[in-house]
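Here the structure of chain A is known, so what remains is to put chain B in place on it, guided by the hints.
Protein chains in written order, with the working numbering: chain A, 1 to 205; chain B, 1001 to 1062.
Fair warning: there could be bad hints in the mix.
What the hints assert, rightly or not - Residues from chain A that face chain B, not an exhaustive set, calculated with beta carbons under 8 Å:
| no. | residue |
| --- | --- |
| 1 | I98 |
| 2 | K99 |
| 3 | L100 |
| 4 | L112 |
| 5 | G121 |
| 6 | G122 |
| 7 | E123 |
| 8 | K126 |
| 9 | A127 |
| 10 | K130 |
Just so you know, these hints were derived from the structure itself, not from any lab.
Quick reminder that beta carbons are idealized off the backbone N, C-alpha and C, glycines included.
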Amino acid sequence: MRHNKKGNHLGRTTSHKKALMRTMAAQLIEHKEIRTTVAKAKELRQYVERLITYGKKGSGHHRRLAFRFLQNKNAVTTLFDEIAPTFETRPGGYTRIIKLGKRKGDAASLSLFQLVGFEKGGEAKKAKAKSDKKEKAAQKSEEKEIPEKQIKEKTVEESPKEEPVVEEIQPIETETVESEEQKNEEAKSDEITAEEAPEEDTKDK
Amino acid sequence: MANPKRKISRSKRDKRRANWVSGIKTGSLVTCDHCGEKKLMHAVCPNCGYYKGKSVIIPDNA
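Next comes chain B alone, as it looks inside the complex:
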């Protein structure tokens, strides 16, 4: 069986892991047409409850 020749040093291991967080992508946000808050694309605005110019839900903050 093929095996690693050397134990991975703490330094090497931590350098590898340090790049994991920066590799996560944040979902892209758009501004709401109705209230101007940031919201997810193709979804109801959680701030004002509007979607495509229509009031769809009662927002939690109201």
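Okay, chain A solo, but in the shape it has when bound:
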């Protein structure tokens, strides 16, 4: 009989469920907010609330208890140093589950599992996503601009210099054949790079 056996096993073996709860708790502590199904969120709640209570107690013993569950040093430190102090005056209820509707594909009801006081908010996320995009775009454009200029400068500088050098060499027969060959090779390699560079540019654009 199932008397006094609360909780949802989520259709998993005990070890599988334990592993799931561990990773989800560690991810929640790292990101402060995770998107998961309502059933998993409701099950995760009891584990996370207990972990935060350990964090509030803050002793070495409780640190070990928290580590025993999480198996993640970084998560334990953020839990004890960053998250738990903000819940000092809150008597439980550290988490919030917000329903997000059904998932396409399997119609599972999704939810947003948050730590109270660490909400990110959609607008903030949007702004962050935008700024991230801008940064990335800026980085990319910088990367693009620098090689283009370098290549152009190289080709412009080198091409006029080499021609007179070759002309000078021809009258002076004492120069070794090897040096001419080397220079020819250099000139060829430069031509190749010059040819390749514009193609890359067009591809990027």
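The following block gives chain B in isolation, referenced to the frame of chain A:
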């Protein structure tokens, strides 16, 4: 063993099945306080991403 006395006619069978679709209940929808679109009760509005006056997620259409 108890058995049906007669085969159920096509007419009888199809009349029974015809009432199945109309028996499905649609979930009740409410209007979003923030954008006025229809949304599920007690859930984030998928159109504007708001719940209880707060922006919670980035909606897909944005």
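Hints versus structure:
Contact between I98 (chain A) and chain B, as hinted, is supported at the beta carbon level, the nearest pair being about 6 Å apart and thus within 8 Å. Satisfaction of the interface hint for K99 (chain A) is found here, the shortest Cβ-Cβ separation to chain B being roughly 4 Å, below the 8 Å cut-off. The interface hint given for L100 (chain A) holds, since its Cβ lies 5 Å from the closest Cβ of chain B, which is under the 8 Å cut-off. Hint status for L112 (chain A): holds, given a least beta-carbon distance of 6 Å to chain B, under 8 Å.
With a least beta-carbon distance of about 5 Å to chain B, the hint placing G121 (chain A) at the interface is held under the 8 Å criterion. Annotation: G122 (chain A) was flagged as interfacial toward chain B, and the flag holds, the nearest CB pair being 4 Å apart, inside 8 Å. The criterion of a C-beta within 8 Å of any C-beta in chain B is met by E123 (chain A), whose closest approach is roughly 5 Å, and the hint holds. At about 5 Å, the closest approach between the beta carbon of K126 (chain A) and any beta carbon in chain B falls short of 8 Å, and the interface hint on this residue holds.
Interface restraint check: A127 (chain A) against chain B, minimum CB-CB distance 10 Å, threshold 8 Å, status violated. A distance limit of 8 Å between C-beta atoms decides the matter here; for K130 (chain A) the minimum to chain B is near 10 Å, and the interface restraint is violated.
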